[in-house]
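Colleague: Residues per chain, in single letters:
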Amino acid sequence: MGREIVSSTPNQKQQPSAMSYTVEQLVSVNPYNPDILPDLENYVNEQVSSQTYSLSANLCLLRLYQFVPERMSTQIVARILIKALMAMPAPDFSLCLFLIPERVQMEEQFKTLIVLSHYLETARFRQFWDEAAKSRHIVDAIPGFEQAIQAYAIHVLSLTYQRVPRSVLAEAINIEGLSLDKFIEHQVANSGWAIEKGQLIILPSNEFNHPELKKSTVDGVPLEHIARIFPILG
Amino acid sequence: MDYDSQQQKPGAESTAAGYDPNYVPDSVKSFVVHMYRHIREKNVYEIHQMYETSFQSISDRFFKDSPWPSVDAVAVYVDNDHVFCLLYREMWFRHLYARHSPTLKQRIDSWDNYCSLFQVVLHGVVNMQLPNQWLWDMVDEFVYQFQSFCQYRAKMKSKTEQEITLLRQYDQAWNVYGVLNFLQALVEKSTIIQILEQEKEGLVQFTATDGYDYNGGSNVLKVLGYFSMIGLLRVHCLLGDYHTGLKCLQPIDISQQGVYISVIGSHITTIYHYGFASLMLRRYVDAIREFNKILLYIYKTKQYHQKSPQYEQILKKNEQMYALLAISLSLCPQVMLVEETVNSQLREKYGDKMLRMQRGDDEGFALYDELFSYACPKFITPSAPSYEEPLVNYNQDAYRLQLKLFLYEVKQQQLLSGVRTFLKVYSTISLGKLATYMEVDEPTLRTILMTYKHKTHAVDSNGKITSNADLNFYIDDDMIRVVESKPAKRYGDYFLRQIVKLEGVISDVDRIKLE
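Taken in order, these protein sequences are the chains called A and B. Going by our numbering, 28 is the number at position 28 of the first sequence; the sequence numbering is gapless. Going by our numbering, 1377 is the number at position 377 of the second sequence; the sequence numbering is gapless.
So here's chain B without its partners, still in its complex pose (with noise of 0.2 Å):
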């Protein structure tokens, strides 16, 4: 989501002119009472369906320019009612953010509301039933708006006097430490990690309602501890702590079903940042085995995510994960792990600079550096400015220093499919030959073999190596031996899919009546 490329001046209002935050249209005050009422009912399907639909189609009718009401002036509607306000100012905030530039004292306030906001939900007075998608949206957008306001707060050379008082001001909105106590305290109040544990006993049910709660409770603070575990991945990865990443998203697993693949959003951001992570880590056949299901999963869905709100987002995120799934099958060509039709995708999107990725030249080099840029999360320096110094931007710092250090990996690869090249054709063949053909010394070819070998095997969580390697080979003495892994064909998966093809057809000409 990258809504906020242009900053407005403090002072120049960012709402459109003729915006009366009182007015409240008939539409909005319908909205309102019903939603308050399905609220108070825990009427989810009803809540759903305004939330996903009558809430985007009020947006566009009325406030395509402008803000939705204040908060103050629909109160009167719904009784004053404290949670239901801090929820109505959660959405108006998110409205704003999605079609205006916020100003610096609305991301002020907007931070102020998700405190008031969690402490509600953290103190455990909070007795709704509200959809995963909105759940997952608060979570979704409490990280989003602190990566904003980092991006924001980052681009020092435009600001103005009155913006730095307010900064130092308020020195605690959207302060990193605040960010991730809360997830954090949402994860921990939540006991969402035990109630994971014991639902594999079968002791709960979680997973099977989908986070709901059927008996009478409400299922607020425990989905939202679960999706504090996912805002925790994307934070840290905005970070560049890839590992601390994916220790957070451990209690989750995502080779099973799970509440994260139910909504759209939350799976996407799930796979996305596991699949980046994994690949900064070197665990290629993990990223390239996430890419590929999640990739095959969209293909397959999208359709009915077309009139989503989210549409945009899912759409972008495709192409940046097969940006991400062709860095990751250039430093590792094990294509037999992509399915059929992700693979034709990907041909299609990126088949030749894959092609001139793999020749390990600058113009290669180059490839890498664009998809990575195109890809890659919107890395954060988390810490404030020195206010003192003479003002700079440094929005880009912690961009370029995760591109720097993965171009530097990719550098220390870029003998590696020189090498392969030539091991794919012979089975035996003496280092001297080798190191003739590739035009190096031996000691400098042995190297080149030590490396591939490094860095085809990975060290996974527990230690343990595993190997990520697309040929097998071995030196004895000064002879490398190739073992042949056969090229694992995916006849299977063609067979089946072309004897339903043909059935259909066959059915097809069943149909046709002749005179």
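Bound-form chain A, shown alone (with noise of 0.2 Å):
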């Protein structure tokens, strides 16, 4: 959602190349025409090679294969989907499984993507690189997959943790030893991360790791409602 727009995943920017803008704006001007299915198909393999994404062509896309299921194309179906795992934390996997028929949903490697949203929604990351190392055939052909799926992990663990343990980050994130001393450098230099005893990682403060800087909603009574009783107060 708003990815479109917003490039807040590092690895899926959204670029303004010649294609992505003829196809957006067909999208807009024909969203209900069939005749943009195979362009809408290209742009699926466009925002997979480029590591750009677009939900709403995406979306149109499914829709056009919901009303003429013969052609409907499994591998890409399976690109968008992954794409939309990409997109984490935005709901946009299941945006796209509700425009998926059931029976598709049946085949091998749907189940398999369903299977790592199911522990990525749940936030069992542990589940999820030992899945995904199973279906490197699915992932790979995807460039910035991990990258992706890291940079959301990181958007949860920031949501929850204060100062997290060495340990779980490198659980979540997948990375270890070395790779890790390497990757908490990076964030230390550009993210606002600090160390703190060699075992704890001090997340960046948000409103959401420290409630205190949301501001405060007092029970405030709204002045029409006040203004109900002016005539017995006067």
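Bear in mind the hints are in silico, worked out from the structure with no lab data behind them. Hints may be right or wrong, so weigh each one.
Stated by the list, open to error - Here are a few chain A residues that sit away from chain B, every Cβ distance over 10 Å (derived from the structure):
hint: 1; residue: Asn-45
hint: 2; residue: Gly-144
hint: 3; residue: Glu-146
hint: 4; residue: Asp-181
hint: 5; residue: His-186
hint: 6; residue: Asn-190
hint: 7; residue: Gly-198
What the hints assert, rightly or not - In the PhoX-like style, the derived pairs of lysine-lysine whose C-alpha atoms are separated by at most 25 Å in a straight line are:
hint: 8; chain 1: A; residue 1: Lys-111; chain 2: B; residue 2: Lys-1501
hint: 9; chain 1: B; residue 1: Lys-1300; chain 2: B; residue 2: Lys-1501
hint: 10; chain 1: A; residue 1: Lys-111; chain 2: B; residue 2: Lys-1404
hint: 11; chain 1: B; residue 1: Lys-1300; chain 2: B; residue 2: Lys-1317
hint: 12; chain 1: B; residue 1: Lys-1189; chain 2: B; residue 2: Lys-1200
hint: 13; chain 1: B; residue 1: Lys-1293; chain 2: B; residue 2: Lys-1349
A quick note: this is a predicted structure, and the numbers were derived from the prediction, not measured. By construction, the Cβ of each residue, glycine as well, lies at the ideal position given by its N, Cα and C atoms.
Please assemble the complex out of the two chains, which come individually in their own frames, going by the hints.
Modeller: If you want it as structure tokens, here you go:
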């Protein structure tokens, strides 16, 4: 959601390439025209190779598949779903599933993706990386997959922790040892992380892991409610 | 509107025996003559009266069991006016759908009539001023008949050879592209989106006049275009495309007064689908807020609609929205967003069920299933069946998929209510201790707490993260710290109401004269 405008995951930038511009236009002018189906399919492939993302265009394609099921390409659907996983924490994966007929979802590759999504939705990163490792053939075809999931894991950790143990972080982003040191170093230099006693990482504060930063909402009474008793008070 | 639960066999006339389409009772004659005159004179008030009242009473008196006279029979009384005849047929079919089961042929004819009617409007040759109620009913009925057609077509097992031949021959009738493109064309051609934009800058008036044109122009295209945005929201919800549905509604700012409120049916349809889509998108706070507002509105105003033909429908949607509110609040217990009156109604209807839903066990799970099935839209499969394959019914497929995916979401959240219970009573607790209480290991507890954070933080349409969380906590190394958010008791509301009440009692007492 909104990921087509805001590039909050580092690896799925929206590049205003000439191609994407025309496809986005096609979608907004002909949202219900089956003739644009091949263009949208090409666009999915382009999103994969150029590491860009457009939820609206992909939903439009799934909608057209819904209208003409015989033209559905399961390979394209799989790519859309993987891109949607990469857009987490946005609910894009469910949004896509809502439009994919159940009998298609029964296919093996989709079952795997649904399991992967389930692990991400329930923050079971250990299981996720194990399962992903078993399905290399599906996810390796999509550049930037790992980084996108790591970005999501860090997002969830940042919502939850002020100080997170190194081992918990390692498990969530599936990086260990020297690579992890390097990764953390990079975050310290660029994203405001800090290290404490070597084993604890202080994540940057936000209103979710420092709830006191949130503006307190006082139990106010709107003026129009008070206005109701003006005649009595007078 | 589910009035076509039983389908009639084709050939078996759906109309009562003895129905003579050419017989025009005097009251009908007078009805069409006056209606035609009021329309030509652009007398919106009178049109509205006849449309809302006379049409109903004549239907009740003469056409309880049979359709209205055919359009050919009444055309002579209205100068064979092309547009009036299209409008008459639109009402004719609507009456038929509401009281009888349409045959396949009738469904196809009704589609043709909508095509002709919308073509005329889109070509800009209509110079009428019609009541918003009527224009809303057109869009509403158009979408309803589409939904009804999809349900009908999906029941393939009971189809006769003759019906299948007709379905193949008229494959354009109620075709999903046709339906969506008509609605889209009405939105575009009416330039309603631009009108609403310009209105914000004070350049034009639309909302202030409820969409009517008091400068001699016509409101028909503009208001049909406006309502078509709501029609598109509904069609997309029926297809399970919630994101696109909400996008179609975006030009209408539902936090403000708008023409959608001017007709109760439109108001309810808008909020019901907005709330449902938000629920499916996990934007629980949005759903709760809007359901709360409209349920309060219905509570306060429903007495005025008692005589309206839409009354039954209002009550049904009211009940369904309470069920959706119960679901939303069970997943996201933010009761302080709900006004007291609505809350007490909700407790009365679903208090017990909500307690059980929050337990997260199998029984609670079954209740989510029950409430969802009761309150969800009538999902459709938009594609035509393959007539070559063995004929199977697929009218439940779309519903089953949406239900399954929704319950999947519930399952992912089932451990959250347990953790809520504990976090409510501790301000600080170690992970180890809480894990013991919850009978899980520490790594599992960490995932539950992160799931809580993920599920209670929605990403809105601008990519911005908003919290739906009912309680705030953070983990510091292996300590959980809960930041108390004071339960926002609605003292203000309560005292205001009591003050008004007391004042009422005192003035009553004052009026008593003691001997």
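Colleague: Has the given pair, Lys-1300/B with Lys-1501/B, been kept, meaning a C-alpha gap of at most 25 Å?
Modeller: holds (17 Å)
Colleague: Hint check: Lys-1300/B vs Lys-1317/B, CA-CA at most 25 Å. Holds or violated?
Modeller: holds (15 Å)
Colleague: Taking the minimum C-beta separation from Gly-144/A to chain B, is that value above 10 Å?
Modeller: holds (18 Å)
Colleague: Is the Cβ of Gly-198/A more than 10 Å away from each Cβ in chain B?
Modeller: The assertion about Gly-198/A holds, with a minimum of 13 Å to chain B.
Colleague: Checking the smallest CB distance to chain B, is Glu-146/A really beyond 10 Å?
Modeller: Fine: 19 Å to the nearest Cβ keeps Glu-146/A off the interface.
Colleague: With d taken as the least Cβ-Cβ distance between Asn-190/A and chain B, does d exceed 10 Å?
Modeller: holds (20 Å)
Colleague: If I take the minimum Cβ distance from Asn-45/A to any residue of chain B, is it greater than 10 Å?
Modeller: holds (22 Å)
Colleague: Hinted pair, alpha-carbon criterion (25 Å max): Lys-1293/B, Lys-1349/B. Please report holds or violated.
Modeller: Holds, because 18 Å separates the two Cα atoms, which is no more than 25 Å.
Colleague: Examine each Cβ of chain B, and state whether all of them lie more than 10 Å from the Cβ of His-186/A.
Modeller: holds (23 Å)
Colleague: Does Lys-1501/B sit within 25 Å of Lys-111/A, going by the straight-line distance between their CA atoms?
Modeller: With Cα atoms ~60 Å apart, Lys-111/A and Lys-1501/B exceed 25 Å; violated.
Colleague: Within 25 Å, alpha carbon to alpha carbon, are Lys-1189/B and Lys-1200/B?
Modeller: At roughly 20 Å apart (the allowed maximum being 25 Å), Lys-1200/B and Lys-1189/B satisfy the hint.
Colleague: Would the non-interface assignment of Asp-181/A survive a Cβ cutoff of 10 Å against chain B?
Modeller: holds (20 Å)
When the structure is compared with the earlier hints, a violation turns up for hint 8 alone.
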